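Enquirer: Fit chain B to the known structure of chain A by using the hints.
Chain order of the listed sequences is A and B.
So for the first sequence, our numbering puts the first residue at 1298; every next one is plus one.
So for the second sequence, our numbering puts the first residue at 3; every next one is plus one.
These aren't lab readings, by the way, just hints derived from the structure by calculation.
A hint or two may mislead.
To give a feel for the contact side, a few chain A residues facing chain B, derived at Cβ under 7 Å [to be verified]:
(1) 1304
(2) 1339
(3) 1340
(4) 1341
(5) 1343
(6) 1395
(7) 1399
(8) 1400
Restraint ranges, calculated between C-beta atoms of paired labels, are given here [as the list claims (entries may be wrong)]:
(9) B:84 / A:1353: 41 to 49 Å
(10) B:59 / A:1307: 32 to 40 Å
(11) B:9 / A:1378: 28 to 36 Å
(12) A:1336 / B:9: 15 to 23 Å
(13) B:18 / A:1356: 45 to 53 Å
(14) A:1317 / B:41: 20 to 28 Å
As the structure is a computational prediction, the values presented were derived from the model and not from experiment.
Beta carbons: idealized from backbone N, C-alpha and C, even for Gly.
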Amino acid sequence: GESVGLHLPTLSVQEGDNSIINCAYSNSASDYFIWYKQESGKGPQFIIDIRSNMDKRQGQRVTVLLNKTVKHLSLQIAATQPGDSAVYFCAETMEYGNKLVFGAGTILRVKS
Amino acid sequence: NAGVTQTPKFQVLKTGQSMTLQCAQDMNHEYMSWYRQDPGMGLRLIHYSVGAGITDQGEVPNGYNVSRSTTEDFPLRLLSAAPSQTSVYFCASSLARIPRSTDTQYFGPGTRLTVL
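Next comes chain A alone, as it looks inside the complex (with noise of 0.2 Å):
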């Protein structure tokens, strides 16, 4: 809900624009990344994944780009949407490790 997204950074875009939302990692033996959409309301929802071995990896219309140089992900979505208007996070964890961490987020907010 709205309590979730304060003190949240905020990007707005037009609708059809693309969409660039940052995520930096704190754990540099971390090798495996989720990214979660969260719609006001509802739970987070995964959306796709990326192993270390990778640095880009595409699903319909969102890629994720991973540099571990500097423990840095993006999420990119193509010709966003209203429908994509949400708060994104990203979730890091070692492949076989037992726990997941969890960002903060990132507001989206498309203007149509």
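Expert: Structure of chain B alone, referenced to chain A:
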């Protein structure tokens, strides 16, 4: 197939009251977990279960109890509510402790709890 259901959707408690947040899944997932989500922060793991009869503590377990008597249900109990427990609570179920793809992990819709 309802996925993960949580009840209630909203709850207001007074300090010191106890209550149980319900979580159920119908996907036969072994792994279930409870998270809390606070403004400006990432999800934090409270407790988790790797199967019926097995539970363990997560990152922020104090003030909460869980049990897992069946595969389907994983209730979260607040023993004596405190204002610091005001949060949105999410239950999740997955095929494995770390999900591997988009169809292996599901979150419930959340319970918004306010403790006065």
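Enquirer: All hints, please: hold or fail.
Expert: Evaluated hints:
With a cut of 7 Å, the hint placing residue 1304 of chain A at the interface with chain B holds, because the nearest CB-to-CB distance is about 3 Å. Hint status for residue 1339 of chain A: holds, given a least beta-carbon distance of 6 Å to chain B, under 7 Å. Checking residue 1340 of chain A against chain B: minimum C-beta separation of about 3 Å stays under 7 Å; hint holds. With its C-beta approaching chain B no nearer than about 5 Å, residue 1341 of chain A sits inside the 7 Å limit, and its interface hint holds.
A hinted interface residue such as residue 1343 of chain A counts as satisfied when its beta carbon comes closer than 7 Å to some beta carbon of chain B; here the least separation is about 5 Å, so the hint holds. Residue-level restraint check for residue 1395 of chain A holds (minimum Cβ-Cβ distance to chain B is 5 Å; threshold 7 Å). A hinted interface residue such as residue 1399 of chain A counts as satisfied when its beta carbon comes closer than 7 Å to some beta carbon of chain B; here the least separation is about 3 Å, so the hint holds. The restraint placing residue 1400 of chain A at the interface with chain B holds, with a minimum CB-CB distance near 5 Å, inside the 7 Å limit.
At roughly 45 Å, the beta-carbon separation of residue 84 of chain B and residue 1353 of chain A lies within the given 41 to 49 Å, and the hint holds. Checked against the hint of 32 to 40 Å, the pair residue 59 of chain B and residue 1307 of chain A passes, with Cβ atoms roughly 34 Å apart. Between residue 9 of chain B and residue 1378 of chain A, the C-beta spacing of about 32 Å keeps the proposed range 28 to 36 Å intact. Checked against the hint of 15 to 23 Å, the pair residue 1336 of chain A and residue 9 of chain B passes, with Cβ atoms roughly 20 Å apart.
The given range of 45 to 53 Å is respected by residue 18 of chain B and residue 1356 of chain A, whose C-beta atoms sit roughly 47 Å from each other. A hinted range of 20 to 28 Å for the beta carbons of residue 1317 of chain A and residue 41 of chain B is consistent with their spacing of about 24 Å.
Of the numbered hints stated above, none is contradicted by the structure.
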